[in-house]
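All chains, please: the whole structure from these sequences, using the hints.
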Amino acid sequence: RKEVEQDPGPFNVPEGATVAFNCTYSNSASQSFFWYRQDCRKEPKLLMSVYSSGNEDGRFTAQLNRASQYISLLIRDSKLSDSATYLCVVNPNLTDSWGKLQFGAGTQVVVTP
Amino acid sequence: SQTIHQWPATLVQPVGSPLSLECTVEGTSNPNLYWYRQAAGRGLQLLFYSVGIGQISSEVPQNLSASRPQDRQFILSSKKLLLSDSGFYLCAWSTSEGGNEQFFGPGTRLTVL
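The listed protein sequences correspond, in order, to chains W and R. Note that our numbering has the first sequence beginning at 1, numbered continuously upward. Note that our numbering has the second sequence beginning at 114, numbered continuously upward.
Treat the hints as calculated values from the structure; they're not laboratory data. Virtual Cβ for every residue (Gly too), placed ideally from N, Cα, C. One should not assume that every hint holds.
[To be verified] Sample of chain W residues with no beta-carbon within 12 Å of chain R, all distances over it, derived:
1) Asn12
2) Glu43
3) Lys45
4) Leu80
5) Leu87
[As the list claims (entries may be wrong)] Estimated spans, in silico, between C-beta atoms of each pair:
6) R:Ser180 to W:Ala17: 29 to 35 Å
7) R:Pro182 to W:Asn12: 46 to 52 Å
8) W:Ala20 to R:Ser130: 25 to 31 Å
9) R:Lys192 to W:Pro113: 49 to 55 Å
10) R:Gly167 to W:Asn65: 40 to 46 Å
[As the list claims (entries may be wrong)] The calculated lysine-lysine pairs, modelled on DSBU-like cross-linking and capped at a C-alpha distance of 30 Å, are:
11) W:Lys100 to R:Lys193
12) R:Lys192 to W:Lys79
13) W:Lys42 to W:Lys79
14) W:Lys100 to W:Lys45
15) R:Lys193 to W:Lys79
16) W:Lys100 to W:Lys2
17) W:Lys42 to W:Lys100
18) W:Lys42 to R:Lys193
19) W:Lys2 to W:Lys42
Right, dumping it as structure tokens:
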């Protein structure tokens, strides 16, 4: 089982609609979680950090379910500019992995006019 | 504010040639530094990380090496490039506490022919 798993998509979303997708992680001791967005041929950029049950920033909402070991990202009122790959990133909090994060392969979102 | 620089932005090199990629961080002290590689359509693979000057940890066996000659400078090198070294190389930094958000440089796109 991969440490961090994501549905690769693509999720095709009409402009203005809502889209949500999940990320599952394998290590139950994981403490912190991050969502990054990566545009084509660009570096990942931090979208949101999650340290407790969830976080909300404008149209973006992250929800953490520790019991089932997944974190979701919801995008409301999708914009064309939201088209990107969204990377789920986990701090596994392992004793020998200080400072290292685990990256999912990403979920592609395509917002269409 | 903190900024991270990488150069060159793109590089085309023949098989067997040497490599040197540079990364510098501004606006912070004693950061953790990381080198990642992202193959086309794939997730990020951690190559090296460093928690201080001269301290390098390697994640995967390969023909690459890393050095940290100064607090905010991180260099990725190879004596002889392989075709499989092609990819998108990303440098990142995080605070020295570890496990926190990582911030990425703009990356170097390397093509080995």
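Structure-based check of each hint:
1. Asn12: holds, 18 Å
2. Glu43: violated, 4 Å
3. Lys45: violated, 7 Å
4. Leu80: Label holds. Min Cβ-Cβ 22 Å, cutoff 12 Å.
5. Leu87: violated, 8 Å
6. R:Ser180 to W:Ala17: 29 to 35 Å: Violated, at about 48 Å.
7. R:Pro182 to W:Asn12: 46 to 52 Å: Since proline 182 (chain R) and asparagine 12 (chain W) have Cβ atoms about 47 Å apart, the given range 46 to 52 Å holds.
8. W:Ala20 to R:Ser130: 25 to 31 Å: violated, 46 Å
9. R:Lys192 to W:Pro113: 49 to 55 Å: Hint holds: Cβ distance 50 Å, inside 49 to 55 Å.
10. R:Gly167 to W:Asn65: 40 to 46 Å: holds, 42 Å
11. W:Lys100 to R:Lys193: Cα-Cα ~28 Å, so holds.
12. R:Lys192 to W:Lys79: violated, 46 Å
13. W:Lys42 to W:Lys79: Given that 30 Å is the threshold and the Cα spacing comes to 19 Å, the pair holds.
14. W:Lys100 to W:Lys45: holds, 17 Å
15. R:Lys193 to W:Lys79: Distance ~45 Å between lysine 193 (chain R) and lysine 79 (chain W) Cα, so the pair is violated.
16. W:Lys100 to W:Lys2: Cα-Cα ~16 Å, so holds.
17. W:Lys42 to W:Lys100: Status holds; Cα separation ~21 Å.
18. W:Lys42 to R:Lys193: holds, 26 Å
19. W:Lys2 to W:Lys42: holds, 24 Å
Going through the hint list in order, the structure does not satisfy hints 2, 3, 5, 6, 8, 12, 15.
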